[in-house]
Each structure stands twice: as C-alpha cells, then as structure tokens.
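Chains S, L, E and Y, in that order, give the protein sequences. In this text, residue positions in the first sequence follow the working numbering: the first is 15, and each later residue adds one. In this text, residue positions in the second sequence follow the working numbering: the first is 15, and each later residue adds one. In this text, residue positions in the third sequence follow the working numbering: the first is 15, and each later residue adds one. In this text, residue positions in the fourth sequence follow the working numbering: the first is 15, and each later residue adds one.
None of these hints come from the bench; they were simulated from the model. Don't take every hint at face value.
[Stated by the list, open to error] Straight line, CA to CA, 30 angstroms or less: simulated DSS-like cross-link-like pairs of lysine-lysine:
1) S:33 <-> L:344
2) L:216 <-> E:345
3) S:263 <-> L:36
4) E:345 <-> L:344
5) S:344 <-> Y:399
6) L:270 <-> S:80
7) Y:80 <-> S:247
8) S:33 <-> L:216
9) S:274 <-> L:80
10) S:345 <-> Y:399
11) E:274 <-> Y:80
12) E:270 <-> Y:80
13) S:270 <-> E:263
14) S:270 <-> L:36
15) Y:33 <-> E:36
16) S:307 <-> Y:345
17) Y:399 <-> S:263
18) L:216 <-> E:36
19) L:289 <-> S:36
Protein chains: 4
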Amino acid sequence: MTPAQSYAKVRAHTEQICKPLKVEDYAMQPFSFGSPAKWHLAHTSWFFETFILKEHVKDYQIYDEKFPFYFNSYYQTLGERQQRDQRAWLTRPTVDEVYSYRTHIDEAMHQFLNGDLTEEIIGLLTIGLQHEQQHQELLLTDLKIGFSVQPFDVVYDTHPMIPDGEVLSNSSPEWIEVDAGLYEIGHDGDGFAFDNEYTRHKVYLESYQISNTPVTTGEFIEFIEAGGYENFKYWHDEAWHWLQDEGIKLPLYWEKDGDKYSQFTLSGRIPITGKEIMQHVSYYEAAAFAAWKGCRLPTEAEWEAANHMFSWGVVWEWTNSAYLPYPGYKKPEGAVGEYNGKFMVNQMVLRGSSIATSPNHSRPTYRNFFHTNLRWQFSGIRLAKDA
Amino acid sequence: MTPAQSYAKVRAHTEQICKPLKVEDYAMQPFSFGSPAKWHLAHTSWFFETFILKEHVKDYQIYDEKFPFYFNSYYQTLGERQQRDQRAWLTRPTVDEVYSYRTHIDEAMHQFLNGDLTEEIIGLLTIGLQHEQQHQELLLTDLKIGFSVQPFDVVYDTHPMIPDGEVLSNSSPEWIEVDAGLYEIGHDGDGFAFDNEYTRHKVYLESYQISNTPVTTGEFIEFIEAGGYENFKYWHDEAWHWLQDEGIKLPLYWEKDGDKYSQFTLSGRIPITGKEIMQHVSYYEAAAFAAWKGCRLPTEAEWEAANHMFSWGVVWEWTNSAYLPYPGYKKPEGAVGEYNGKFMVNQMVLRGSSIATSPNHSRPTYRNFFHTNLRWQFSGIRLAKDA
Amino acid sequence: MTPAQSYAKVRAHTEQICKPLKVEDYAMQPFSFGSPAKWHLAHTSWFFETFILKEHVKDYQIYDEKFPFYFNSYYQTLGERQQRDQRAWLTRPTVDEVYSYRTHIDEAMHQFLNGDLTEEIIGLLTIGLQHEQQHQELLLTDLKIGFSVQPFDVVYDTHPMIPDGEVLSNSSPEWIEVDAGLYEIGHDGDGFAFDNEYTRHKVYLESYQISNTPVTTGEFIEFIEAGGYENFKYWHDEAWHWLQDEGIKLPLYWEKDGDKYSQFTLSGRIPITGKEIMQHVSYYEAAAFAAWKGCRLPTEAEWEAANHMFSWGVVWEWTNSAYLPYPGYKKPEGAVGEYNGKFMVNQMVLRGSSIATSPNHSRPTYRNFFHTNLRWQFSGIRLAKDA
Amino acid sequence: MTPAQSYAKVRAHTEQICKPLKVEDYAMQPFSFGSPAKWHLAHTSWFFETFILKEHVKDYQIYDEKFPFYFNSYYQTLGERQQRDQRAWLTRPTVDEVYSYRTHIDEAMHQFLNGDLTEEIIGLLTIGLQHEQQHQELLLTDLKIGFSVQPFDVVYDTHPMIPDGEVLSNSSPEWIEVDAGLYEIGHDGDGFAFDNEYTRHKVYLESYQISNTPVTTGEFIEFIEAGGYENFKYWHDEAWHWLQDEGIKLPLYWEKDGDKYSQFTLSGRIPITGKEIMQHVSYYEAAAFAAWKGCRLPTEAEWEAANHMFSWGVVWEWTNSAYLPYPGYKKPEGAVGEYNGKFMVNQMVLRGSSIATSPNHSRPTYRNFFHTNLRWQFSGIRLAKDA
C-alpha cells in the first residue's frame, strides 16, 4: 500500500466504527476516563493537522483556530486545552462540523501524501496512524461503557464489527515451561514501535511456567463462587479498599440473576456460558484471581520471552510489571515526548492485544498500560508461576 | 381561549424556545442543578401523560414503558427515576424520538380536551400548563449556562426571544413608604395558584420603606469597586466561605477587562453600560449588596403588601424570607403533594417574575424559591429598609 | 451578687464541667462542628481578655501574643485564627498552660471588677458571662459526642452533673388552644438579651394548638416502628437524601438490640424506657415526626406567645422558623456584630433551653439556632397544629 | 547480647524518643498517613503480646480485651480495628495507661525471654524488634510533621537525638561507573531480612553511572530557581496535577523569605546553607529533579549492585523501581503474611536508611516503600544515568 492508501484505510476504519451511532451518541462521556466519540473523531484529525500539515505544508491554514483548544488531549507543549472531564460540555462544533473537519484534513493529507515524502514524514505519518488506531480501540470501549449506563439496554449494534463477549477458549489450560537464562526484550527497530518499547535489552529470568491460554469466564465464576470477592487475603490492601468503597462484587458489565451470569456487550446483554475468554477485569481482580489459584501474573519480560509459544490477541493481558522506562529509554524532544514518558508511574503494563485492537496494530513488544482499578478495556488474565 | 387552545399555545411556546438549537445542544447539562433541553421537552409531556392521560383516558396505553423512568423528575410516589445529575448520560431516546413523543401526547391531549371536561380535569390541565411554563423559564436559563461554558462564545440566538441583559432601569431609585399595620398576603383563590400560595392570611408589618425599582448594574459596579467582594463584613458567614471556596469576585456571566465590564447573554457577550437592571445574583450577593448600602432585602410579606406601588417583572427579586409553609398550608395527597412542600427548608423566596417567565405565568402572590448560592436564574435585588 | 461574684461563679462552673476529664480528654474533636475542651477553656478566657482587659485595663499586657491566633473562634475583625476543624492539631499550649492562662485572666478580672464599673463594662461583662455559659453547654455536648465515638463505652462521669437521658415526661400530652390575634414577641429590654432577640415587635397569629409537653422516646419509637425512617413522604427532600447518604435509621446515640432500645449518655449506655423526653434529634427528624403525626412544629412566634402555658427547659425545641433578623434588628458595630447576624441564613430556630443549659441562662425570648442536620445538642420536639 | 538484652535495648529506645513529649503531644495525628505517638507505643507492645505472649506463653491472659481493637494496625486476619484516620479519636487508654501496658508486656517478655527459646521464637522476637524499630523511625517523622503544623514553632527538642537538617555532604559529586553484566540482589539469608528481600536472584544490568553522594539542598535550590516547579516538562503527568492541586512550590518544611531558605526541623526552624543533604522530597520531586539534571533515578538493582562503592545512610533514596515481588517471593501464611505482600502495588522503592533509622536496622538489601506523593520521611535523591 502507498502511504496515501494506508492513510485512507485507517481513517475509513474510524468512521466505520461510528456508523451505528445516532448524532446524540457521539456525546457520551459518563466517566472522565473516557471521551465522547465526537472528540475522538476530531482529536485524531487535529493530530495530523498539528504534527504534519501545519509543520510541513507550505502556507497551510489552520482549519479553525479554536479547534486546537477543543481537541488537544494532553499536550502541554501545545498550549491550553479543554479540561478532560468536560469534553462532553462541548456541543459545538457539531457532529456534522466535525465530519467536515475530517474531510478537510483528509483532502489536505491526500494531496500531501501524493507528493514526495521524506523519511521524517513517513515517520510522522506512521505515528499519526498508530495514534488513530489507538483511538479506534478507545472508541469501541468508550462507546461500550456509554451504552452500558443507559437505563435500558440500548445497543451499539446488533451485529457489531467485533465478537464482543463471544470468543471461546479453544484449548484447555496447560503450563508452558521456560528455562532460566538471559533473554532479550524490547523492540529491535524493525518496523514501527513506540518510544517506550526501546531500547531492546537483556533480562535475566529465573525459570517459570506460563499458561498457554487466558483465563475463561468459567474459571472466574469459580473464584466468585468460592467467595473470592469477600476474602481479603487474595487482594492487595488498596484493592480491598477499592472493593469496599465501590461496592464491587462482580466483573464490569456482569450481572447475576439467580445462578445465571450475563454480561453487557456491544450487541446488548448476553448469557455467560463459562467458555468465553474473560474480559474487563482490573489489575486488582487479575492479581486476586491469580493469588486464589496459587499462581501469579507474569512479568512483562516473562510474557514477551514466551509469547511465541502461546496464542494471544483476544484480550490485553495484565502483567505484574509496573509501567517504567526500559534501560536506555530516551524521551523524545518536543510535544511527541509527552506521548509515553510522562505516564510512567503508578500504572501497570498489559501485553498482547484484544479483539478491539485495530488490524495491524499489535506486536509482541507492545506495552499498553492502565491504572490498576480500570476495567473498561478488553483486559484479561494469563497465569504464571515459579517453576 | 378553549382549554385545547391554551394547551396548544403553551406547548408551542416550549418548542419555540428550542428552535435555535442544534441536535447536540439538546444534551447540555454542565451542572447538576440544570437539565438538558431534551429532558425538559420530554418531562413536560410525561407530566400530562402521567397525571391526565393515564388516569383519565380510557384504555390509554403508555407511549413507552421506559419513559417514566427516564423522565420523572423527583416524584418518589411514582417510582424509580434516572439520577438527576446523570440525565445527560441518556443519549436515547433521541431528540427526534422525543419530538415524536410530544406529538403523540399532543394528539392524545387534543382529542381528550375536545371532549367534556370536569372541574378536576381543568384543574389538572392548569397545573400541567403552569408546570410546563416553569420549565420554559428553566429551559432558557439552562441553555444560557450551557452555552456560557463553551470555550468560545457560542450563541443561543443572535436575536433571542427575550431581551437578555438589555432591560434598562427607567426610573431613579425612590423610597416608597409603607405604614405599619395588618396586611393580608397569600392567594385568595381567584384564578390559579400553587399550593404554597395558600392560605391567605394576616401579617402584621412594622412600617418600612421599599425601593420603587430594582438595583442596576451601575449600582452593583459601585459595590464591586468599593471592594464589596473582599470585605467580610457585608457577607453572611457561609456566603464568605462560598466566595473563598469558589473564587467568586464578580456576578455570574460577568467579565472585567481593564475597567470595562461585559456579560454573557443568550445573544453572546455584550458590554455593560451601568443602566441595565441587575440579574444573575445569588441570595448571598443580594444580601451583601444590601448590607453595603445600609439597607436590607424586603421580606416576602413586605414585598407583596407593597407590590402594587412599584413595577416588577424584569428579574425575580430575592427576599429575606425563608421558603416555609404559610399558616394553614396543607400538602396535597399523592404525587402532587411532592410539588412544593418537600422543598420547604434551606431555600429563600424570590418574588415577582422575570423576562424569562412565560406569558401569563406571574402574579403578586407567586412564591419562587432557590438555594442561596444559585445564580443562573434571572434573579435581582430590590432594597428595603426600616422606616 | 456583685459582678465579681457572678464572674467567679460562672467561671467555676466551666471548670466544674471539666473535673472528670483526663488530660487526654481535653483534646477530643472527632467532628468539625465541635471543639476540644481545652479550646473552650481558653477561648472563653480570651474573650474576657480581648473585649475587657485589653480595652479597659490601662497598660494591660496580652498574656501571650500567640493566644489570639489559637483561641479566636470566628471573629474576622480580630484577625487570623486557627482553622476550626484543625483545633485538635494544637497540642500546645498544654492543658496545664491553659489553666494557668485562666488563672491569670481570673486574677486580672477580679482586680478589675472590684474597681468602679461603668454601664458599658457591666454590659461587656454580661456578654462575656453569657458567652461562657453558651460554651458550658457546648462543652457538655462536645464531650458527649467525643466519648461516644470511643470504641468501647468510656464514660464522662458515672454521676454526671446533669440527668442526661433520664428526665421523664410528667404529663400526658394535651393540646393548648391559642386564639388568633396580635401578639408581641422579642425582648423588652428588661435584663440581658442577645442582639438577635430585638426588637420586640407585633406578630399576627392564626389560632393554633400547641402541646403541653415535649415528645417522649416512646412516641418516637412508635414512629420508628411504623417505618418512619423508611417512608419518604414524611421527609423534606434534602432530609431524605441526608438519611440515605448517612445511612441514618435511628436518633443519635441510639442503638437497637432485638426489640430493646438504648442510648449513650454522659454516664454511659442506658436502656430506653419510653418515658424519657426525646433528645438529640435533628430538625429533619423533628419535622418528619410531626408530619407522621399529622401535626407540625410550632413557629417561634407561636412558641413564645404560648410559652407561659407549658413547661419547658429539658430540651431545646425545634421550631419551624428560619433563623432570620427580627424587624428593626441592628447588627452591632465591630467584632461583637459578628456574634449573631452573620449566621442568619440556612439555620432553624430552637426555643427554650435544655438540661445542659447553664443556670440562669434561659428566658422565653432566647433564640438558639442550628443547622437542620445537627443532632448533638439536647434538641427535642414539641408538636403544634392548626386550630 | 542475649535476646532479653536486645529486647530491653530496643524497647528503651522507643521510650527515649518520647522523652521530650508532653502528654498532649502523644495525640498528634494531623494527617491520616501518620499515627499518634501513643498509638505507636501501644501498637508495638500489642505486636509482642499477639505474636509471642498469646501464642507461646502458657495461660497468658490478654492484658485488656479491648486493646487488640485499639492497637491492631492493619491485620485483617486478626479482626476488626480502629479506623486508621480516627486513631486520634481515642483519648483512652491514657498515656499513663499505655505506659503501664508497656511495662506489663516488658515484664512478661523479660520472664519469657529468660527461658528456653526455640528458633521459631527467636525468629518472632527478631520480627517484633525489627517492627518496633520501624515504628521508631515513624515516631520521629510523625512527631516532626505534628509539630510542624502547630501555628507557632513548637519544638520537639532543642537538642534532638538525631541531627535533623544538619548533615552536610562531605564529598563533591562524582560518577561511579558500573559495568554491564549479571548481578545478584536480594538477601542471602545471613542475618535477619524481611520477606520482601527474598529470594536472592540474578539481574542483568546494562552499564550505568551512579553518583557517589546524595543531592544537596544547594543543588535543589538551583532546580527551584531555574523554575523547576513551574515547568511541566520535568514532571510526570500525575505529579504535575499534584503540584497544581496542592499548590506545591517548595520541598516539605521549607520556607522562602526573600532569597533565604529555611526548613523546619525537630529542633525548630533553621536556615538552609546549601551544603545539607536534601531530605523530605517525594518521588515526584526526586524524579523531576533528576529529569532537570538530564539524569534519572537508579533502579533498586542498580543501587544495590553498587552500594558498596558509595556511602549511604543519611536519607532514604528514592529509586525508579516499583515495589513488586522478587522472583520466587512467597507471602508467609497467616497474619505475618500481611506485613509486606499486600502493599506491593502503586508504591516506589527507597533504598538505604536515614538518620532517623534505628541503630542496627539497615542493610543493603532493605526495601523501603512509600507512595509517590509522600514526603514526611527522611527521603532524598541519588542520581544515576546511562553509561
């Protein structure tokens, strides 16, 4: 594919995700950790305008001088911005106006991408497309939680583009043995990677075992029914307080009616059979489940060193590694330096990718990260233990 | 006018208010004390459906069984309801669907009102229309605050239906003298009144003076420039804490640029000339201003006893009376009893009416009430003092 | 009694109240609405030092320049002060040092009061003593709540100076009829009164009935057992939210064990027999109880107009009057003006006095006031109804 | 030393720390992260009573059945306990009673320790003593912050037992080079160590440089004066919000008056000369300082691998390692298992020890840990960088 074709394909996918929405649905922001769909649509366009068009197209005129304020996410280098938890306050620009903005950016980008492109431009384009793909996944998870708080089951799509809640585990759990020794992890520079995947470096691992398959809903139900949510000894101290403060007794989106469990999905509420791969757990829940099983979560190095020996890609998998810089990590200069480095504290790493991850947006070195209490991503559990 | 004509006229006025809105604007709810326009449109229809159609039309089918949950405001008698500060979470029903609901209710009401109507029905109809008129005023004030928090001046209407911020005072302030003696206040039963206006009763008033005209922006600017917002001695103790906690230094919607003051209105930001009647002050600010002037606010009895001697109707006027039951007040039975009585604590009474009050919705006995810190209504100040 | 004798007597009573305390108990401040005993002891002394010694004794030297900061309560006129909810942070001056401060003030006052005293001085002295008496009652109620939150029943005194929880009702409830007409309320200037009891003025009252006796624990238990705390229709809207938010199902200090009720008192936990006069209810609970009985609370004018026809003095009695200025009320100049006027918003008036009120500190015109959710005072209920 | 002698020595040291206190000072708890001195005194005794006397002394009678509730810190296994942020509510037992409790425990322990002791008992004794030493350091830091919030400089001791704020750096900063390679970290089992120091394991380190000396106040002043607290680019995103929310512009205990800096210490406020070793910084500040210097914090493995090449022991040194289990870590069974493991999330590791650390309570493998915003410990900065 040419750069222009890649660009067109990624951009179309974003709009495809929004296809089932009514105008009103574009404004959903029930929780401050998520954003309205309208904002995602505009922010991703602003990203191309700010980092490519404005910098590299001669005489380019900013589409609307107000948009940088509206649609900057967190780049302090780039000036003031709408407060995150007040993004839903913005009723203007309207959804139509945001689509016009996208069209304008797409036309300008199309023209630009059909010219001569330097390495640097290709690099920026790639970041822009990777960035938009990250927002595609967030769009799906933000929409899911937005629909879930409607008082009656309002459905994103009766046939959504991803098999939410429907991927069954296709193997019974077995332990993969990994020998102690020196391993290399991190990106080797072949193909795109984010700054946080560098530098590739050696780690020494003691021997360990890692499961060939993520935990299923059936296994998690055993934990629930064994009183897992009521027994402090499986939980971190702050996790236990979180359970009490929030009154949490089930995974996100789950309900229990008699002895039947169901979950809310992008196509509405569906029964849980026990065979599905578990999704939407917090780090706290993942760690507690592992403790109850007498196991633990793998570190990210353990995960990466063994990833070729198991299949992954249905859910992001919580690791027991904090999100910290690799040896030799360098924060890039300028606004792009705010992309990853400033979040490297008090979050945990997730590895792999999920059914909501966009096509061609996963690799074994990818380091996703979230706060330990968050569960609205498609996040699941893979067990490990000492050998 | 026939009942059906009255109904049609009031209902049309609500929709008239929404004319300038984009679909997205119907969802504005930046603060939990206000509601989205979509909700107002639906709630007022639900009121007719619940109290008239459902009760008095044979075989009437509820339009949608989910709507009572969505659109009940605070009637506990009528069951569970959407939490007030989460009304903006509802993206469905859509604006179009809400208009369809209104149309359905209007057709059913039209048919019903063209039949034989008992006294009781006329009574319920009147309450429903008065109720809708109250929401018309709230619609305007909720939209005003919703537009005001957009980061750039987005305008409700360049030629809004009401002269927001533009009514000038047409008389210089003079004191009206009122003699001590027994007065009667409260509604005498001639025409409609809410339950809280009953029973008409005697009050003894000491002699007092009351201003012939509300306070202007120019007078309020004198207060500001005399350091009124920085001097605790004019303020109630809790008002002083409110000022510090919220960082308040100006009336709502005001900005000061150099020595120029401007205010945000339904038609955007406009300069303040000093001649306008002051609007959007809290009780706290009204009382502090009065204290600075060496005056006080009138009680509601003083206001009512003298109201025929001055003109009112531009702003709701804060009184120094707490919102409490009149002697002989009876809370009606059933859901209608939740209309007024349960709010009779920790609020202050405002008298008169404002430019945003709907036609034919004001009378000298009307008791409006709000919490002492709220300022998004068209609320102003009339001074009084002991004789 | 000479002024010096009055002074000595009141001061001794304060120390009498603290007799049963250990040094540690002087620091109790579990809730920000109360204050540590040490603070009360010092603050009352500071009051005499600030308003009398410093102003009227030639060459008087402030005992310690830091004490005004420590022990000023809320007088903004008198400068910065320790934040109210951080009074317990102060471990110094120690209890011993505070007693030394009291001794110093007492000696200086004694010498001063044995000289020639002007009317003005007598007036200031009287305010100082009345003020100290108010703090005596607060001391008892602050100590009561401080002991109540100790995890095991720690007792203020096995034979406390007041019969906490033990005053039985000595008459069966009867209605006193009061005719409609003009009444005078407020203080006539004979003897001491606070500024808020002025000016005496006429009020017109419709005919009403008022109970000859306060509500008993037995009557309140009927309310509880009829589901009073679970039925929204008896409660103000904000009271209902208060119940839910705080999880309140019983009056303060009450516990229910099987079908037995008990209450925590200054002498520990004791059974409730049903005969005791009800104490420690909030305005919310008082109003809800009255609504359940088909009655209402009296206004303060109704209470005062009839007070000679019933006995009172066991509990402060909630009225349905907001704490607002009387006609002709003038806020005094200077710091003393902060005593009452600045609190005249969003509080309700209580009338009478309680078992914890100091001797000679009650009169029929006394206006006590608290926020509607507070219950740690000895506050009870007297019913009224329309005639 | 015999076990009984060790016990006596450690216990005496705790009481030594409390020597300068007035009774009132034992109740200080201005912030919920700290505890009152009285509580520390009792809790450490409860620890010996619970884990040794109660379990291993035949017919031992619990001193007071209420004390476990009062003085259990966070052991869920051992039942309900006083809420942490309400420890200051407890005025009883009094300070005297707590000392009596200590005496009782000491006598029982003395008798017990003079008998035959198994390995297990020695192990428990050692944990109890190490535990008490940890509380000795907390006592000093809790007292320091407690005295610091007194409105006027109240002093713990004019000649405190530790040289708070007075240790000067005795070497100019130089980089120590460390080669890449496999290192071993963690405790080898020789002498006491906490569970979190196990198991000793290999780590591969890239080559790096680490400073021979901690950062001084002079270096930190350069950061301040270069606008370090006002420039987002040195800070983690959540650190930047922390600065804004808390209004932080200086390290804890510092004040700036003109161009002079001073710090509050256990002996009161003293000038800062620029030569002192920097103390009382949060992880956020440590990381921001390092970023401003173009360096970084060492990981705990880097720190431990090089610790023999530099001197440490004045301040705890923040590392860039999250507090997570080592490979092979096993949480002990029972209550003791709550000691460390349940806190292994969202905290960062500090290495070394400080002037407030008790004698014989430090070793190169010790893993201290605190939340990233806390600064009331004697915590400082050592720089590292990639080779």
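message: Could you work out which of the previously given hints the structure breaks and list their numbers from low to high?
response: The structure conflicts with hints 1, 3, 4, 8, 14, 17, 18 and 19, although it agrees with all the remaining ones.
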